[in-house]
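S.K.: First to last, the sequence lines map onto chains R and D. Note that my numbering numbers the first sequence so that position 223 is 223, with each residue one more than the last. Note that my numbering numbers the second sequence so that position 195 is 195, with each residue one more than the last.
Because the hints were derived from the structure by calculation, they are not lab data. If a hint is listed, it holds; no wrong ones were tucked in.
Straight-line C-alpha distance at most 25 Å; calculated DSS-like pairs for lysine-lysine:
(1) R:Lys119 to D:Lys8
(2) R:Lys157 to D:Lys2
(3) D:Lys164 to D:Lys182
(4) D:Lys332 to R:Lys136
(5) D:Lys332 to R:Lys132
(6) D:Lys332 to D:Lys15
Computed from a prediction, not measured in an experiment: that's the story for all the values here.
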Amino acid sequence: MIRVQEVIRTYGEGESEFKALKGVSFALKEGENLAILGKSGSGKSTLMHALAGLDRPSSGRIIIKDKDLWSRSQKDIDLYRSQDVGFVFQDFYLQNEETVLENVMVPLEINGDTDRKEKAMEALKVLEIDDKANNKANQLSGGQKQRVCIARAIVGKPSIIFADEPTGNLDSKTSERVEDILFNIHKKFNTTLIVVTHDKELSDKFSNSITLKDGEITSHTGEGIQI
Amino acid sequence: MKRRDIIKRGLRNLKRNRSRSVLTVLALSVGALTLVLTLGLSNALENTIKTQFEDVTNLVMSVSLTAEGDQENMNVPEYDSDAKTVYSIQEGPDGGKEVQLITKDQLDDFLQISGVKRTWPAYDVKLEYIRLSESDTKYVINTVQEQSYNKTEVLSGIYPVDWKDTDIVLSDSYADSFGLSKEDMIGKEVVVGYFGKGTTVLEKAFTISAVLESGMGFGPRMGVASSGIVTLSIDTLASIYQDQKIETPGYNEFLSANVLIESTDIEEQVKNDITAINGKYSVTSISDLTELISSVLGTITLGLSAFSGVALFVAAFGIINTQLMSVFERTKEIGLLKSLGMPNRKVRSLFSYEAIIIGVIGALVGTGIAYATQAFVNNVFKEKLADIGFVNGVLNIAVSDVLMVVAGLGLLSWIAGVIPARKAQKLDPIQALREE
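Bound-form chain D, shown alone:
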């Protein structure tokens, strides 16, 4: 008997028991649906994170110095004016930790490491106000950012690559305050005011190079505050720091430092070199963050897939049940086929193929519903999803995943069909024909 004829016969049998076949297919398709959706969701999350981090360069790493003291020990450490311990609150799973302040000298050590282009500390500066140079109306500055080495999208103007001391980039909320369009902002002179030592207010003049959107999406694209963000060059921040902190206690002692490296290839090398100077240095980069997110996502995907697995496991029993009933009902047919010379092996294949057909159809139906769900969710909630960063939708079903699910379900069904198919194979044709 040819394989094509076996499959055709299997299809005819499934058609004859339509309602039972349909129900088994539905049970399987629920499993397939959840599995495909889970994989689609995981793809979407991964893609979204990739786009969010796409512009973020791995070239800047952050260095902090873990406190000398015993972390487990709750004792108050001894005072040491050269190694001050402070409590740093960090975002992330670690929460906060005790760190030692990094000094300017320590910072300069990093420059000796090959591949390090620049080092600078996290300057803690406070700005008071910003105004157009032609106007006296002052506006609040909520947040000061340092220049970014990342590719940065702007609403107007050009984000500087080589920052000059007079460059300034503002968030678009200032355009409204100044009563200017985003385009008109570019090239305007502004004055930023800040306290020097004591109560003297100092002013610096800048030219607006670019206007940024105030916060969208999640991840590094979103600023700390949603409005009133001012971005300045590192050198400018250094000079303001100088004005504010020179000859004060804690001058040139910093919570953390940044290191700019030449290429991402030497990331590990530089990390090792820094910790070689002092084992207490802890170096973090964007790649650490993306790795962490990926592993968390992987775990979530695995967990959700496990639920689909349970559904599929249950559906597999549906196949066993259906096929056992089918063997039972078709005892006479099996007897006839065997007595007419159909080899036992082929009878077994007949039932195996039926099981596989159920599995593959179940997978295809589930996948179809999943694609429909994807089209619906991604289109109907398109703008809302884009607002929270899912530019390409919250479901991205990959063809490779679908093929995997279809093949996997075919395999699962084949395995589930083994017991019934064996039963059919072993039937004695004479006994089978005698059965009433």
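One chain only, chain R, in its complex shape:
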């Protein structure tokens, strides 16, 4: 279970104070998929960053694997990000000068893993892009880049994948393919999949969803989620 309890995130102080999250609470079963739907400024990215161990909430608790994420040591939070979590970004964040293979190996490098090449090639095969392994990242199309990004997210065999507008920069046909890939991985590896999007159509494809508005949950759907 992933439990989010009364999470508040405030930016700034005094008059310029801005509450991005105003006490968000929910619980999600492990292995489920979840779409966090909301418009720009709704707090959906802030929520994802808090869940992913990137942005410390001002108050509240996020319990993952029976332990509050944000009361762990910085070292453990770093370990959580490098071992339990995979990231898929809207802008891919690939290192353009480096090869596809090198890009995919980065999480393994951070973890100090061995057999990196084999593991990275395996991930590229899952994404059916192993033929581009030795190409520079900047030689790829948008869809290919996103597949490399997903390969990088799954290479460390994480238990949760966070995707921030994964199809935001892709045309509709490529978007569909990337969506299928994400769902396939979610099912095949029993990975928890949490996607942030402003796209209602995309969120409708998820078993569970929450809708955020001005830092509060306004509605939710699905069996796997409890408010």
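Based on these hints, arrange chain D on the given structure of chain R.
M.R.: What follows is chain D alone, placed relative to chain R:
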């Protein structure tokens, strides 16, 4: 993240920004080059001086007696027939000074000091000519030297250890004059002529024991004049002095005296004992000279190193600049690495290692150029350098110095890299990823 991977990543980053890395490395290598060359030059000078003085024994010390009068006072001192004051011109930083003449009795006092084997004054004798005993052709004598207690290199023959009264050592210029080879000179009978009292010319017969090269290098190896040098035993000089000066005013009064001691260990002891007799005695030995030269060299090295230091200081700013730009350009990469779980500490190490790599490569490039310069200068000018005493070349780069420079530059670069590395460490991953 393993250290090896951090270093590998750092190397990749430096490679990606090749031109910038190369320029920073070059700036550092200029500093390293001047520093290594300075140290190499200083080593060469020190080595050369060591070889020049290698043969010089510290066993002979020179004693002079400083004048009684007030040095600051420009007044003419009162006349005292027993303590005559003369102006002695000395080579060295002091130039000249007023000294009192040392008498034979004073000289004999030194013999009472334990460890003193022999004392003798600086005999002021004048020789007129030298000729082969079988010939009437006379040749000029430019300089008279007293026997040396130093190990002396000869061109032919054997430099006497225990000088006999009939021993004589000549400079090789006489071989040409006599029309003999250096080897044939040995064992030849020569006659030296000098004025006794008045106008009577006296002659003494000698046998040539050795032929010396007339002057090479600098320091004690080089004679006063370049040719026409005659070396005689102290006893012979004493007897000629007797012939020339007895019953003349100033007889047995000398500008300075020499003291032969048993071993260098008691040098300080004997110096103290001499000044205990009279505080006005000033005792100098070769070790004073070598110490002076060493300290002058040390100062010069320090000065030159300071210039290299300035170059390195400037280069350090190059590193700060390069690395700050690198952090700025790679904001997104830093954000990505952090969001993928790379600890802040490791991000900092990444940038620190990059700075250190630049520094070490800079040091190695500079050292490489320095070694090339050494090989070039020492080989191309080998003979010219040997002529002026630099037998082992004018640059002697020591491995220990190189290691020191490499380690020092690594350290300097690490320090220069602290500010950029901190900046990278403090970057907020979310902000970094958002940056356009």
